[in-house]
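Using the sequences plus the hints, can you model the full thing?
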Amino acid sequence: MNASTHSRLTMTNRRREALWGLLFVSPWIFGFVVFSAGPMIASLYLSFTEYNVVQAPTWIGWENYERLFTSDRLYIKSLWVTLEYSMVRVPLVIVVGLAFAMLINARLRFMSVFRVSLYLPSVVPLVAASVLWLWFLNPQLGFLNPLIREVTGWSPPNWLRDPDFALYAIVALSVWQVGHTMMIFLAGLQEIPRDLYEAAEIDGCGPIQRMRHVTLPMMTPTIYFNLIIGVIQSFQAFAAVFILTRGGPANETLIYVVYLYRRGVEYIEMGYASAMAAILVLAILALTALIMKTSDKWVTYDRV
Amino acid sequence: MTASEAAYEPWRPHIGRYIVLFGLSAIWLLPVVLLGTTSLKTQPQVYDATRIFPWPLAWENYKLVLFESFPFARFVFNSIVVAIASVAGDVLSSAFIAYGFAQLRFPGRRIMFLLMIATMMFPFAVRMIPLFLIFKELDWINTWYPLIAPSFFGTHAFFIFLFHQFFLGMPKSLMEAARIDGANELQIWWRIVMPLSKPVVAVVAVLAFEQSWSDFMSPLLYLNDSKMYTLPMGLYSLISGDDVASNWHLVMAATVTMILPVVAVFIVAQRYFVRGVTASGIKG
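Chains as they are written, first to last, in numbering that gives the first Met the number 0: chain A, 0 to 303; chain B, 0 to 283.
Errors might be hidden in some of the hints.
Across the chosen pairs, the derived CB separations fall in these ranges [claimed, not checked]:
| hint | chain 1 | residue 1 | chain 2 | residue 2 | range |
| --- | --- | --- | --- | --- | --- |
| 1 | B | Trp10 | A | Asp295 | 35 to 45 Å |
| 2 | A | Tyr44 | B | Thr41 | 21 to 31 Å |
| 3 | B | Tyr46 | A | Leu82 | 17 to 27 Å |
| 4 | A | Ile75 | B | Phe66 | 42 to 52 Å |
| 5 | A | Ala288 | B | Ile110 | 18 to 28 Å |
| 6 | A | Pro216 | B | Gln164 | 42 to 52 Å |
| 7 | A | Asp194 | B | Arg190 | 37 to 47 Å |
| 8 | B | Gln164 | A | Leu82 | 30 to 40 Å |
Cβ-to-Cβ under 7 Å is the rule here; a few derived chain B residues that face chain A [what the hints assert, rightly or not]:
| hint | residue |
| --- | --- |
| 9 | Leu33 |
| 10 | Tyr61 |
| 11 | Phe105 |
| 12 | Ala124 |
| 13 | Ile128 |
| 14 | Pro129 |
| 15 | Trp247 |
Bear in mind the hints are in silico, worked out from the structure with no lab data behind them.
All C-beta atoms, glycine included, are put in the ideal place defined by N, C-alpha and C.
What follows is the structure, encoded as structure tokens:
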């Protein structure tokens, strides 16, 4: 075999491989165009139109965006609610998730029972969990309020109908379903080399110092990961709010996607809802970029 | 004493931790236990909220919810059909696509892979309105196609990613040998790679099942005929009705019906499942 036939052979081999490769990813290309990129571009276009499905979309330029930020007080409200929800939920889920993971991270007897107990609620589908919460927090027929009344004599608020508490009741559901976050933290904890703790102990570090100088720095990549996932999830929250409060009371739980759904599906303002969708993408991108940018200040990647 | 038992630390120095864990586990399990017990209460017992254990057990609640007062048996059936179809779609398409990304070189591979990963960041809400319009144009409203069809086209990037990572770890020599024996890529994928991929297939199948079984937003958008409802929509329609107030025992029976299959799958596939979730960090 001389050089030129060899190179021709590898050329045809390469071509063949490329064709096979494209064949294998072609379902993805189709799905990406039809179900992801296409709809997103269409959504961007619609955001500059007025569209009620019955009549063809009419181009109105930046009007939807102007309306969002200048005259729609509910939209501004929904932005605030979403921000408040994220700022309460994300740190809480991270702190509780990490604390739980540290509690179950030991080779102790019966530990698997505790692991399953704490993890199980997060397996419950969100819709089912929300319905369960709806009953649990029901002031008369649920469990919590009658119990509190019986034990303390204090009559607690109607959590989901009280503007001061409703958002936190929804956060509480998130914290109850902390199991997934806990498991990711557990996996992170188990990757910390044991000898780091031994070295710290030899240096005379107590449990609190070990946590401060070994566990926390070594966990920053996992915290970072959960922080990003947590923010993205908070900005997409829908089912729990839709089922528990539908955005009420007094719009105190009018979270972003619930308002988007209301405008798009209930009022059939497709163009207006699409403008909200575009801002949602920008907000998620901006927040993720912000977290990524600050990450090199506190995330340690060096493995000793 | 087995090796794993020998590795346990003594429990006495950890008594404080045991007490905290016991308390937390009890609190975390309480709503689940109450869900089960409430689903077995008779209607008068519902008004006695702090009575935890009902007696006699009202098993007929399940009969009422499933067959008589509410068509939950139908919703269960619908959910099973949709779940089987979309799990099949997710597993097949993700494995197929991932093989291309992991084992074959072609122009545009890197950029496509990056685009695929990037789709994970964009919320469904962003595509919701155009998707609704597309499915309406296709006359797919009130059918299960919008819940199933996307699964067949690699729309769940994370599943592709899982297969991709697994395929990267496979020895290249295996596929080279098959190529020399004259097998084409399709045969290699189906006859050699897939039979070796049972652990990832299990993880993706469990996650895809959980995702399909729990999906609320798509059915909310695309289904308005209650005969077509999957369980999340069935449950939602039950609580948005007027007669919820005093019928919590029935609502709880319906909720248990929705949760049981997921918990069963979780128990059967626990090892894979926990590992898959740990690797992903993404719920559903």
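Tested hints:
Distance hint check: the CB atoms of tryptophan 10 of chain B and aspartate 295 of chain A are about 42 Å apart, consistent with the given range 35 to 45 Å. Evaluation of the 21 to 31 Å hint for tyrosine 44 of chain A and threonine 41 of chain B yields a failure: the beta carbon distance comes to about 57 Å. Between tyrosine 46 of chain B and leucine 82 of chain A the beta carbons are some 40 Å apart, a value that contradicts the proposed interval 17 to 27 Å. Checked against the hint of 42 to 52 Å, the C-beta distance between isoleucine 75 of chain A and phenylalanine 66 of chain B comes to roughly 49 Å, which is consistent with it.
The hinted range of 18 to 28 Å is satisfied by alanine 288 of chain A and isoleucine 110 of chain B, whose Cβ atoms lie roughly 20 Å apart. For the pair proline 216 of chain A and glutamine 164 of chain B, the beta carbons lie near 27 Å from each other, so the given range of 42 to 52 Å is not met. For aspartate 194 of chain A and arginine 190 of chain B, the Cβ-Cβ distance of about 45 Å falls inside the hinted range of 37 to 47 Å, so the restraint holds. For glutamine 164 of chain B and leucine 82 of chain A, the Cβ-Cβ distance of about 35 Å falls inside the hinted range of 30 to 40 Å, so the restraint holds.
Taken as an interface hint, leucine 33 of chain B checks out: its beta carbon lies about 5 Å from the nearest beta carbon of chain A, inside 7 Å. A cut of 7 Å between beta carbons decides the hint on tyrosine 61 of chain B: the least distance to chain A is about 15 Å, and the hint is violated. For phenylalanine 105 of chain B, the interface hint holds, since its Cβ comes within 7 Å of a Cβ in chain A; the closest pair sits about 3 Å apart. The beta carbon of alanine 124 of chain B comes within 5 Å of a beta carbon in chain A, closer than 7 Å, and the hint placing it at the interface holds.
A cut of 7 Å between beta carbons decides the hint on isoleucine 128 of chain B: the least distance to chain A is about 5 Å, and the hint holds. A distance limit of 7 Å between C-beta atoms decides the matter here; for proline 129 of chain B the minimum to chain A is near 4 Å, and the interface restraint holds. Hint on tryptophan 247 of chain B holds. Least Cβ distance to chain A is approximately 5 Å, under the 7 Å limit.
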